[in-house]
Amino acid sequence: MSKAPKLKEAAVDLISKYFGQNTASVYDKFFTDEPDSTIVTSINSILSDYIGKEKADEEIKKLTESLAL
Amino acid sequence: MNIRKIIFLAIFLAVSVVYILSTTDQVFMLSTLHLIFPVGAALIAAYTSRIYGFKSANNGRVQLIIAAGLVSWGIAEVVGYVLDNFLDVANLIPRVDSFFFLIAYPILGMGVYRGYVTAGIKLKLVKKSLLMMVLSASALLTIAVAYFGVYKAYDPTADILTNVVNLGYGLGDLILVVGSLFAIVVAHEYGDGKLASFWKTMAAGFFTFLIGDTLFFTMYGALVMEGVKPYLYVNLIWAAAYMLLAYAVLENYIHILSVQKNIKLQLQQRK
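Sequence lines, in order, name chains A and B. The numbering of the first sequence is the numbering used here, which starts it at 601 and goes up by one. The numbering of the second sequence is the numbering used here, which starts it at 8 and goes up by one.
Honestly, the hints are just simulated from the structure, not real lab data. The structure displayed is predicted, hence computed values, not measured ones. There could be a bad hint or two in this list.
Computed spacing ranges between beta-carbons, pair by pair [said to hold, decoys possible]: (1) Asn-92(B) with Thr-664(A): 56 to 62 Å; (2) Leu-667(A) with Lys-131(B): 23 to 29 Å; (3) Thr-641(A) with Ile-18(B): 36 to 42 Å.
For each residue, glycine too, the CB sits at the ideal point set by N, CA and C.
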C-alpha cells in the first residue's frame, strides 16, 4: 500500500517548519499525485540548499523513519 | 561577491565618506542619513516575515520575532530622530525612543532562542572546541558588558528613572552577548546551508551593535551626541550593525522568494 498521502503530509510539514506556511501550501499542491520518490528528492533538494546537507539528511531520515518507509 | 553585497558596501562607503567630510553644523543631515540602515532593516525584516506567512510556526515564527525586534529598533531610531531634531526634548529622560530600543533586546533574544529550539540542537553533539570557544567568549563578554554596561552605568547622583534606563541598556547588551553566541551555535548546526549564512550575519550584526553600544554608553556618549569627531563615528559602527542585520534578512527573503517562485513555476508548467 502506498504511503504517499502520509509522506506528502509529513513532507509539507517539514517544508512548513523551515520555509513557512506560504511555501508549504504551494508544495502541498505540487505534491498531489507525485510518487514518493519525487517527494523525497524534492524536499531533499530544497532542504539541503537551505539548512545544509547534513541537517537535511537528518530531517529526512527522521521523516522516513517515522513513516517506516 | 554578489551584487547585493556590493550595493550594501557601496551605500555604507558613501555614508562613511559623508560622515568624514561633514562639519559640526551638519548633524541634522547626518542623523537623516543614519535612518537608512535601521529603517531598511525593519522594512526588509517585516517583508521577510510576510513571505513566510505571519501564522507560521518554527522558523517562520523565528523570523517574525526577529522582525518585531528590528521593527522596534527602527521605530526607536525614527522617534529619536524626531525628538532630537524637531522637538525640544532631546535631554528628556525617559525618552519614548528608549522604550522601543530596550524592548527590542529581549525580543531579539527570544528570536535567537526560538531559532536554537527550532534547530533541535543537541549540545552533546556540538563540537567541544566550538562549545568551549562560545562559552569562553560568552564569559569574557558578559564580564565586560556587566562591568561597563551595568556596574559603571549606575550613577548614584542621577534619579532612579535615569538609572533604570541606563541599566536597561546594559542588561539589553547582556542579552545581545548571549544571543549572538547562540546565533553562532545555530549557524554551525546548518553547515553550509543558506540559513547558516543568515545566522552568521545576524551574529556579526549583534557583535557590531555591542561594540557601538559599549563605546557609547561607557565612554563617549556625550561626545557622540554633540557630533564631535572622531567620537561621531560610533554612529557608523551602529550603521554597520544595522547593515549586517538588513543584509541577513534580505538574503533570507530572496532565498525564500526564489523557492516559492520556482515551485509556482513548476506548478504552472504542469497545467
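Status of the hints after comparison with the structure:
The hint said 56 to 62 Å for the Cβ distance between Asn-92(B) and Thr-664(A), and at roughly 59 Å that hint holds. A beta carbon spacing of about 27 Å between Leu-667(A) and Lys-131(B) agrees with the range 23 to 29 Å that was offered as a hint. At roughly 40 Å, the beta carbons of Thr-641(A) and Ile-18(B) sit within the given window of 36 to 42 Å.
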